[in-house]
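Participant: Listed below, chain by chain, are the residues.
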Amino acid sequence: DAGITQSPRHKVTETGTPVTLRCHQTENHRYMYWYRQDPGHGLRLIHYSYGVKDTDKGEVSDGYSVSRSKTEDFLLTLESATSSQTSVYFCATTGTGNTEAFFGQGTRLTVV
Amino acid sequence: QKEVEQDPGPLSVPEGAIVSLNCTYSNSAFQYFMWYRQYSRKGPELLMYTYSSGNKEDGRFTAQVDKSSKYISLFIRDSQPSDSATYLCAMSEIQGAQKLVFGQGTRLTINP
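In order, the protein sequence lines correspond to chains A and B.
Going from the first sequence to our numbering is simple: count from 1 and add 42.
Going from the second sequence to our numbering is simple: count from 1 and add 5.
No wet-lab data here; the hints were simulated from the structure.
Please note: incorrect hints may appear among the correct ones.
[Stated by the list, open to error] Here are the simulated BS3-like pairs of lysine-lysine, each with C-alpha atoms no more than 25 Å apart in a straight line:
no., chain 1, residue 1, chain 2, residue 2
1, B, 7, B, 75
2, B, 7, A, 95
3, A, 112, B, 104
[Said to hold, decoys possible] Ranges of calculated distance between the beta carbons of each label pair, as one might list FRET restraints:
no., chain 1, residue 1, chain 2, residue 2, range
4, A, 62, B, 33, 37 to 43 Å
5, A, 83, B, 85, 26 to 32 Å
6, A, 59, B, 83, 49 to 55 Å
[What the hints assert, rightly or not] From the derived model, a few chain B residues whose C-beta atoms are all more than 12 Å from chain A:
no., residue
7, 17
8, 18
9, 20
10, 22
11, 24
12, 58
13, 64
14, 65
15, 67
16, 74
17, 82
18, 85
19, 117
Cβ atoms here follow ideal geometry from the backbone N, Cα and C, with glycine treated the same way.
Using the sequences and the accompanying hints, generate a full structural model.
Facilitator: In structure tokens form, the structure reads like this:
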């Protein structure tokens, strides 16, 4: 497996609370991504990063923010969690000029 | 209408059968086409990658792209129980994984 670690792997949180998910990579890949996976929708891009402190929005970015202060870490924050954000979240990375995206194991988030 | 459409299944076939998985798309600018395999409770992993139209074969797997019909396929020959997984098609206008658009995924079960 590519060296991508997501934490936590499972989390249950209450509506209205902030939540931060962490993605850590050891591949020195330039690009990092956060996706969410929901039944009937496949994987949808939330935010991505093309370098330290360089991020951009994806298809479903509302209610989410990200930060990347080091090459190896990419944080996803749900500013005020809602039940619609219950999902499985995947982090992915790619190297420069590389088409293959390497995915982490996923974080299962439940907002109650 | 979604940019990429994929029948979610589930699809169940006997061991040894030929499996055909398909995706259609609406964006004629897509040039890069991928198939990812995802085992239960795991992250997706790249299975096949194709640029533009044509066929690509890798062992028991064959990927086909027909850009004129906006249709891609993945064929699995001599299917094995270990092929049981969710298969996701993904597409991009540019090289690299920065702007991947995924289908919903097809859940496949190979019965011994």
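Participant: Take the hints in turn and mark each one as holding or not.
Facilitator: Hint check results:
Note on residue 7/B and residue 75/B: the hinted pairing holds, with a Cα-Cα distance of about 13 Å set against a maximum of 25 Å. Between residue 7/B and residue 95/A the CA atoms are separated by roughly 31 Å; this puts the pair beyond 25 Å, and the hint is violated. About 22 Å separates the Cα atoms of residue 112/A and residue 104/B, which keeps this hinted pair within 25 Å; it holds. Checked against the hint of 37 to 43 Å, the pair residue 62/A and residue 33/B passes, with Cβ atoms roughly 39 Å apart.
Checked against the hint of 26 to 32 Å, the pair residue 83/A and residue 85/B passes, with Cβ atoms roughly 29 Å apart. As the Cβ distance of residue 59/A to residue 83/B is approximately 50 Å, the hint placing it in 49 to 55 Å holds. For residue 17/B, the shortest C-beta to C-beta distance to chain A comes to about 18 Å, beyond the 12 Å cut-off, and the non-interface label holds. The Cβ of residue 18/B lies farther than 12 Å from every Cβ of chain A, with a closest approach of about 22 Å, so its non-interface assignment holds.
Against chain A, the non-interface label of residue 20/B holds: every CB pair exceeds 12 Å, the least being about 27 Å. For residue 22/B, the condition that its CB be more than 12 Å from all CB atoms of chain A holds, with the nearest at approximately 25 Å. With a minimum CB-CB distance of about 19 Å to chain A, residue 24/B clears the 12 Å threshold, and the non-interface call stands. The claim that residue 58/B is not at the interface with chain A holds, since no C-beta of that chain comes within 12 Å of its own (minimum 17 Å).
At the 12 Å boundary, the C-beta of residue 64/B stays outside the reach of chain A, the nearest C-beta of that chain being 17 Å off. No beta-carbon of chain A comes within 12 Å of the beta-carbon of residue 65/B; the shortest separation is about 20 Å. No Cβ of chain A approaches the Cβ of residue 67/B within 12 Å, the least distance being about 19 Å, so the stated non-interface status holds. With a minimum CB-CB distance of about 21 Å to chain A, residue 74/B clears the 12 Å threshold, and the non-interface call stands.
The beta carbon of residue 82/B is kept farther than 12 Å from every beta carbon of chain A, the shortest such distance being approximately 23 Å. With 12 Å as the threshold on Cβ separation, the claim that residue 85/B sits away from chain A holds: the shortest Cβ distance comes to roughly 21 Å. Every CB of chain A is more than 12 Å from the CB of residue 117/B (nearest about 27 Å), matching its label as outside the interface.
Comparing the model with each numbered hint stated earlier shows that hint 2 is the single one that does not hold.
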